[in-house]
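Student: So the sequence shown is residues 1 to 332, counted in the UniProt record's numbering.
Just to be clear, a hint being listed does not mean it is correct.
Unchecked claim - Computed beta-carbon distance windows for the label pairs: (1) 211 x 29: 22 to 32 Å; (2) 332 x 146: 36 to 46 Å; (3) 184 x 322: 24 to 34 Å; (4) 205 x 277: 36 to 46 Å; (5) 232 x 71: 25 to 35 Å; (6) 256 x 211: 13 to 23 Å; (7) 85 x 146: 20 to 30 Å; (8) 219 x 28: 43 to 53 Å; (9) 85 x 315: 24 to 34 Å.
Derived by calculation from the structure, the hints in this document are not laboratory data. Virtual Cβ for every residue (Gly too), placed ideally from N, Cα, C.
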Amino acid sequence: MATIRDVAKRANVSVATVSRYLNGAQLREDNRARIAEAIDELRYQPNLIGRAFATAHSYTVGILINSATNPFAGSLMGLIERELERLGYAAVFVEYQGDADFLREKVDFLQMHQVDGLIVVLSDVELASVGFLRETDVPLVLVDNPLVGPSADSIVVDNCEAVRKAVGAMLDAGHRRVGLVAMLPHTHVGAERARGWRLAFEERGLCADEGLVRACDNVKDAAALATDELLGAGATAVFACNYYLELGALKSMLRRSLRPGIDVGFAGFDEIDFADIFDPVPTCVIQPIVAIASLAASLLVGRIGRGFAPDGIHRLACEVRITDSILGGLPA
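Please take these sequences and the hints and turn them into a complete structure.
Tutor: This is how it looks when you write it as structure tokens:
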């Protein structure tokens, strides 16, 4: 079995440098890369029990998500876990089912079990209901919500800008009645994505018809009903604000025998798994999920290593993949 000395020798650094890497300290990027490569090649496993006694850390991180069945959250979980393992930490996953009170219980539970830090994904939770997170006793990283506090970093994607670009492309193609299947507006993500829809109209001097906005729960059938209403109100194109809302919008179109991207313009936030069965492939916003996972793990481990630090909001850009699906519903 490989030892820390073997890793140091392979990476051409000192044992102390490897130890600092494992404890989340800041290192030169070339040293970090060589140590990570050496750990992978040698299949090095840190002695977590010994480290815990020596450092008063459990080397365990709690990760709280709304639901593991959400494709984005499920993928993010795996990527964060992999990055934490690379940094010498184990992950404990907990679902809170979109309930702020349940989230509080789970946060307390994890803190009682001596986790070194928490990563909380807050896509579908009202910002005002999670203020208690500012009072956590351990370092904290939040994803999809800009809540800040004395022990917290927040990672958000630029939801508004991404939707502004996608809906703007629909308007530039010739649509004037772009319907929005929106998330509930009391969440940060929902409010920002709806704001992007409005900005796309405003910056072109066009009137954003609020009658073409339907906010609904993240349930496919609710989104299908919302899309039915939008199409009935004369929408020539539809933007759906997340994965489940996209599925519902597609369900509505298909049961009306409408071809998404041909008979109706279509775009959505997040790439659906089976997008390639459609021709054209739907226009979509792609979140930088690998960067989110890497940043979440590194920020948290850094906070664990340094103790409390000034809070910060880290904003990441999305990719907007424009296809011919935005041309659907326009005159030939």
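Student: Is the distance from the Cβ of residue 85 to the Cβ of residue 146 consistent with 20 to 30 Å?
Tutor: holds (28 Å)
Student: Confirm or reject the claim that residue 232 and residue 71 have a C-beta distance inside 25 to 35 Å.
Tutor: Holds: the Cβ-Cβ distance is about 29 Å, inside 25 to 35 Å.
Student: With respect to the beta-carbon atoms only, verify the hint that residue 85 and residue 315 lie 24 to 34 Å apart.
Tutor: For residue 315 against residue 85, whose Cβ atoms are near 27 Å apart, the range 24 to 34 Å holds.
Student: In this structure, is the beta-carbon distance linking residue 256 and residue 211 contained in 13 to 23 Å?
Tutor: At 20 Å between Cβs, range holds.
Student: Between residue 184 and residue 322, is the Cβ distance one that fits in 24 to 34 Å?
Tutor: holds (27 Å)
Student: How does the Cβ-Cβ distance of residue 205 and residue 277 compare with 36 to 46 Å: does it lie in that range?
Tutor: holds (38 Å)
Student: Does the beta carbon distance between residue 219 and residue 28 stay inside 43 to 53 Å, or does it fall outside?
Tutor: holds (48 Å)
Student: Look at the Cβ atoms of residue 332 and residue 146 and judge whether their distance stays inside 36 to 46 Å.
Tutor: Since the Cβ atoms of residue 332 and residue 146 sit about 44 Å apart, the hinted range of 36 to 46 Å holds.
Student: If you check the beta carbons of residue 211 and residue 29, does the distance land in 22 to 32 Å?
Tutor: Violated: the Cβ-Cβ distance is about 52 Å, outside 22 to 32 Å.
Of the numbered hints stated above, the single one contradicted by the structure is hint 1.
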